Every structure is written in structure tokens, then in C-alpha cells.
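Q: Chain by chain, the residues run as shown.
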Amino acid sequence: MGSNSDSSTSSDDSTSQNPNPNPIPNSASIDQSLDAIEDQLTSISLAHPNDTVSDAAASSSSSGEEVFKDAPNGSILEDENHKERSEGEIVEEEVVGDVEEEEEEEVREGSLVWRRVNSEVDVDRPSSPSSSGYAGERGSSNGGASSGSGIEEIGEDRICDEAGNGRGEFFDGASDSQAPPWVPGKRHVDEDDASVSWRKRKKHFFILSHSGKPIYSRGDRVKLVRAGKHQVVFLVKGPIYLVCISCTEEPYESLRAQLELIYGQMILILTKSVNRCFEKNPKFDMTPLLGGTDVVFSSLIHSFSWNPAAFLHAYTCLPLAYATRQAAGAILQDVADSGVLFAILMCKHKVVSLVGAQKASLHPDDMLLLSNFVTSSESFRQVQLLPYFTISNCSKNLVLLAACRTSESFSPICLPRYNPMAFLYAYVHYLDEFLNFFNNPVTFDRDFPVFVLQVLEHERNDMSYTPCQVDTYLMLLTTSSDAFYHLKDCRIRIEMVLLKSNVLTEVQKSMVDGGMRVEDLPVDPSPRSGFSSPHLSQSTLAIDSPDRYREAFVGIGGPAGLWHFIYRSIFLDQYVSSEFASPIYSLRQQKRLYRAYEKLYASMHDKGVGPHKTQFRRDENYVLLCWVTQDFELYAAFDPLADKALAIKTCNRVCQWVKDVENEIFLLGASPFSW
Amino acid sequence: MGHQYRGAYLRIPMMTSRDRVDSLSVVALSSGDYSLSCLPQPEYMLMAGLTVVYYLSRWGPEQALGKSSGLSGGLNSDNGGAVDAKNLRVKLVLLGDSGVGKSCIVLRFVRGQFDPTSKVTVGASFLSQTIALQDSTTVKFEIWDTAGQERYAALAPLYYRGAAVAVVVYDITSPDSFIKAQYWVKELQKHGNSDIVMALVGNKADLQEKREVPVQDGIDYAEKNGMFFIETSAKTADNVNQLFEEIAKRLPRPSPS
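Those sequence lines, one after another, are chains A and B. Take the first sequence: its position 200, counted from the start at 1, is 200 in our numbering, and no numbers get skipped. Take the second sequence: its position 246, counted from the start at 1, is 246 in our numbering, and no numbers get skipped.
Rather than coming from a laboratory, the hints here were simulated on the basis of the structure. Hints may be right or wrong, so weigh each one.
Said to hold, decoys possible - Computed Cβ-Cβ distance ranges for the label pairs, DEER-style:
1) 87/B - 291/A: 33 to 41 Å
2) 216/B - 281/A: 32 to 40 Å
3) 86/B - 282/A: 54 to 62 Å
To be verified - To spell it out: a stretch of chain B is covered by chain A in this simulated footprint if at least three of its residues, at any positions, have a beta carbon under 8 Å from a beta carbon of chain A; those stretches are:
4) 111 to 125
5) 147 to 154
Computed from a predicted model, the values in this text were never measured in an experiment. For glycine and all other residues, C-beta sits at the position ideal for the given N, C-alpha and C.
So that you can see chain A by itself, here it is in the shape it has in the complex (with noise of 0.2 Å):
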């Protein structure tokens, strides 16, 4: 089901820009420009002594981008880039090397400052304080970029609700009082459009009523509107409009999609019927009945520059023996077969097992919404700060956690995918951190009872980073509003199960223990030969030799440069994403990052592809490599300067690893795929 929806999607994506087919390459050539300025610091700072980019800080940069039709599965590539540069300031280069065809664009300051002056948008909506609010956009990315803050990040995420007559409603305000579940400090509390931090935000996220219609009322054909850097995009679900205004240069696409979601998460608080609110009364507002939801919507939009399922429609499950995994499985299939609908166990946003009623599948997308919606609602999760005690003898410092017993909810719930129009009822339990403890062994006297705790060893220094948060939580979702007592006797018993199958102590290891790790990727045992490297010749890092890639990369990502991967399987609907390990650390790098995968995941799914196609794009911060195949999707970066070759090879080795490892990796057997 899942992958249908999917395909659907993308088509009905791919017919909505026939009009205009333009916007959606450009924006990727556009970004790649841009983003080039932004990184130019992080680019030089890496030290790579030829790179071109040196040059380009004063006031122009060049990126160097490189996309190949690819060999190793005899596809062949349509590039798309020859259209991209339909518009736009694109200077040609050379540069050293075997590039089969190459890309260099040149923005100058001075275009720069005139998609400034023209970023003003065009919105003639009375109210729209968004159009002014954009103009110094610019200036404040920049700014961050450079002095290497993270300023950007302010830059984010905000949603505002514009209901019934027009008169817009910021989400914000009180609710930001609320402990953020990120990074807390970038949240700013009574912002409005008035405030500084507001303007700098590079993405802004309205729904609208059609009562307030603003210009996009000229008719819904109208999906996408560019003005310099930014865009607006629109999305008409029958009353509601949802409208993006980006200068992120995502692409077209991915920016949909995230409105899609915005309104899936709406539908999932409110369930489509309230269109019948607005059949009845026109004017009607639909802002108190979303009250207090606005910390959900603004988390979710914070996952759209972080959680990978939010463009891959996919899921991710959190990397446990098989044999755990089928010990939850099999418990919350027993309940699934007492009538529960879907019994869904987590961790966080990752999946420890998931099982649905015959026939019931859960679509990654609701997955993904439903996650959103339980970890940022406090009220799921009412834990006070974990209090926790240290027991310390003189040779190990031993570490015991503890918490308080959370509380259960019950409440209605929609899952968009699955069936719009109806709520589903949600028992939602956190599995508190004692169930940890009482693990075997335990003893219980009757008078005196004891119990014996379990001691988590850490050393001294993992003090801090002992994790001191409830994230497991368990959801049991039903048809019946009255399942209430049923669902606590199953979450009892499954808390039960889990606790002598010591699932939870697992869990709780593989948090700690975190993914897949580049630098782990196993050694291909065939013997490396045949490569050569003749564009990389001149770089200083590298050395031709067959270890070359150890001497040269040691310290910076896993072999032969490769940084990051993101392998998603496509039947499973599933993906597995590396852990970020150096250089990727900054969560400004992450983001990048996240940005970088986001447009490849747009362009390969742009029209119509092939069973087969690969990607190499080469630009100044990134070698991408995209492999998609009938079965899978495989996302990787490398270091700028790895090696096309051995980076095609290491794909090929993570690939292999993920089939080796699957079994720990994916939820196997209890797939919601159905034919």
C-alpha cells in the first residue's frame, strides 16, 4: 500500500508541474549556487589545498558539480542539468579531470543583492507581513554561514494559522513557554512578525481558509510562485489552503510534500469532516479547534530538516538482535489478533516493532505523523525531570536511573492515510525506565520487600550523557472508543513480555549504542584494483596507492571518503540512515546534508525513471552518489575530493553490509507492504 501511495504521489507531483516544467530544475541549480556561498567557510576550512572554492570568498563562487550517467547497471541517466540552465547566471569551467559533463555556476554579490531586491514577494494579501519580513533574509543566512554560529537555525520552522476571516494567528507565542523537544535555545518566545528572529526564518508554513483567500484565489492552478530566491508554494485541499514560503531552495517537490504532511497532521488532529464545518459556515474558524496543537505542527516541521522519512515516505526501525525484534513482534501480534487495529512499539521516531490487524496497513507517512504527533505532546509523556541516583564504589562509578511512572492516554486520533474521515482511538503508554531495572533478577518479600534494582555501568565520563528521557512508548490504536480497558490490558501484558524478554534493556543499549557507523563498513574482501583517479591527481590527498584511502580519509568519515548513507528499501518501506560521524557533526552540517539528500531524492524521483538509474553529483562540499533499483534507494556522501571509482565501489559494499545485516536493521516479516 505503502509504495503505491508512494508512486501515486510522485505522479500526481510530476502532472502538476507539466505546466511549468522549469521551476523545479532551476531551483536545483539555483540552491546549488547558494548553498555555495553558505559553505564556503566550511569548504576551506576542510583544507583541501586546490580546491576552487578558495578563491571565491570575496565576492563570487563557483561550484563544481559533476553528474554522471552511470555504468555500473548500464542505465542510463537523462540529465536533467542541460535544462537547468534555462535561466540564471551560469558560468562555464573546466575542471581537471575525467567529468563526463560538468556544471559551474557563478553567482555573483552583485546577483545577489538583485534577487535580494526582488525577493520581495508578491503577495498582495493585505495583511502580509511575510513579504517584508523576507527582504533580509539573505544577509542573516549569510552571516551565519560565516561566522559559523548556527544563526541559520533560527531560520526555521514556524507555522502560522490563518483561520475563517482572514485575520492571521500565529501558532507561536504561549506555546513556546513549552519545553521544546530540540534544542531549546533557538526557540523564541513571544515571537510574532514583528520580531527579528521571525524575519530571519527562512521557511514559513501558513494554513489558510479559502474565506481568506489570498492570491492564489486567481485559480488552484496556480501551484508555485518564484520570486528571486524564494518560492511559494501552494496546496488546495477543498477549504484549507496550505501555503510555503521558502528561500531554502528545496526543491518544488519536497516543499509539497512537507505541505502534504502539514495537513496530513492536520487531518490527524481534526480528521477531514471538518470540511463539513466549512460547507455549513464559510466563515467558519478553525483555529480553537486546533488549540494547543501548535508545538505538534511546529515539530514537525523541525523534522523537515531532520528526519529523512519525511521525504523518503519510509520508516525507520531501531537496530535490535532479530531475535528481540521477533519477541515484540510476537506479543503485540497476539494483541493484534484481540481486536487492536495497530499495537506499534517505539523509540523516539524509530520503529522497535510494528504489527496491524489483518489487512490493516499503516502507510509510513502516518508513521511518521503519528510519532509527531505522541512525542510532541507532553501530555503523553507527563515525566518529570528523571531523577537518578549514582552509586559509586572505588573502582567504578555505577550509574542507576530511575524515573516516574508515566501516565496512560486514550485519544482520538485520524490516520490519513488509512482512513481520513474517521478517528481511530489510541492508547498511549511511555514504558518507564523502572521497567529496566526490574528486570531479572528481582526478589519481593512480603514484609519487607526489596527490590534490586539494576545498575547500568558507565564511565565517569559517560555521566552526562546518560540518558535520562522516557522514549519508549508503546501504541495501541483501535476502532472502538470504548477499547479504553482492553488496550491497558494489553499494554500490561506486553509490558510484561517485554520485560522477561529483556526487550526494553535492548532498547535501551541500542539507543546508547546508536546505528550503522561508516568507519565500521567491513572490508570488501575482493582485492581493490582497476581504479584510477586522474581528476583527483592533483590533490595533495590523493596518493595512488591501493591503501590510499585509509591514509588519506583516516579521522574524516569511513573508507574511501564515504560520510553518510541513507539505504532505503523499497519493499520494506523502510530506510536505515548512518549515524553522522565526523564531519557531519554540526547540526548545521546535518542539515545541509539533509537538504543535499532531499533535492537527490526530488530529482531521482522527478519523471519518469527507470527501473535503474544512478546519480553522481560532484559539487564543493559533497560527492552524492544515488543508486536506485527495483529493490532499493541507496543515498551516499563522500568527501568532495573521494574517488569516483572507489566511492562506487564502496556502495556496492554498503549495500552488501545492509543484506548482511538486515535481519537487525529492518522490521522483516510484518511488513504493512501489501499487493
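Using the hints, position chain B against chain A.
A: For chain B alone, kept in the frame of chain A given last:
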């Protein structure tokens, strides 16, 4: 007595009543090799003790030990009534406008804590707390703390259906919330249990200087509708325990047949 797990274990006296829990201040370590140290903040020690005890009292030994089938009686029925004459179990629902402090009252009652950062309740939260009365009966409250948002109003019957007690809360600084409270009272009179015990609670009593709903208004309205009335402050804990104790006293006792 007891196994040792990696050399250390905690010995915690079983506590059942709230008063004794509050007095617990020492968590003893029974292994001589270890010392309890390095608490992030000293008061957490007490909190952790409380937490453990709550865990014990709420789960009971069988469940915590995993000996229970998980389906033993007591938890899986939807009746709001009593278990026996000595040990009552009642379903209680809190209703009221959003932001009046329903969750704060519950948290004050159940955990003895106050969290000034408001967390919007989603749907409804289910918590339970047992209190012991002077006549040595115990009352276990199974509390439905409902969300005050408009979108959940239509779902309220889900939570108040079968409830033995309804606590309707308003904020003494907000006349709107008082009007909303009256709406809930009417709704309960129409659709609730006929013998439901209703309490009208004016919360945020600590904000006297911002008061906009006179005490007398609350008293009068409660009297007219046969309700028990009290003003509370979840922040200062004023009258919170009293609220639940008063409710417990007013519960119809099952005839000892």
C-alpha cells in the same frame, strides 16, 4: 535476603498510604561496598524514593514481579463502582475549559508535584491514586483527566460515561471558564450517571488579586445544583487533598450484603 545484581541493591520499605510516603526521606542501601552519592540535586533523592514507592503501591508486588497473568481482575472492568465495602474503587472524571488546571490538580494529588510549564492534555490521561480514610477504608480513584480543548468536547461522554464522580473545574480568574463549567454541569445532568457525585472546583485560588469569579458565585451555583464546592490551588497544594477526601466521604457506600 535477596539477590545482588552487580553488587548493589536498594531496600525500600513498602508504603501504602500517602502520609507515610511523604515521610520517606531515606533510601537505604544494603550493600556495604557502595555509598549513595552524587545526586544531581539533593531533593531528587526524596523524589526518587517517592517514585519507587509509588511504583510499588500502584503496581503491587505481583505485577512488578511479572508473576501476574496481566489479566487478573480489578483493572479490566469499566465499572465506576466499588470493589467491596472497605476498599472502594471509583471512576472520576475531570472536566472544564482548557487551561483551568485540571492536569495540575491531578498531578498535585497523584504525585504531590506542581509543574508550572503548562502541558496541553491530549485526549485524556488516565491516572490512579488510592487514599486511606479515617475509618480505615481505602478509596482508589481512577482518574480521567480530560483535555479541555473544544475539539474533544464531543468525545467527553467517552470519559464521563459510567463515572461515579465528576469534578468540574474552572479558573477563578476567568469568568469564561466559569461559564464553561456550567455547561459541563448541565451536560452531566443530562447525560451522566443519575447518582453521579459532582464537585465544582474553583482553581488557581492563589491568584486572589486576579480573581474575577467571586467565591459566592461558585457556592451559589454549586448549591443550586447539588454539588460539592471547593476552591483549590494546585500550585500551593491548598485544598487539593481535601477535595478528594471530601469526595471520598460523599461516595455512596455499597451495602454490606
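Q: Each hint needs a verdict: does it hold in this structure or not?
A: Against the structure, the hints come out as follows:
1. 87/B - 291/A: 33 to 41 Å: Given about 39 Å between the Cβ atoms, the range holds.
2. 216/B - 281/A: 32 to 40 Å: holds, 38 Å
3. 86/B - 282/A: 54 to 62 Å: holds, 60 Å
4. 111 to 125: The restraint on the segment 111 to 125 of chain B holds, since 12 of its residues have a Cβ under 8 Å from chain A and three suffice.
5. 147 to 154: holds (count 5)
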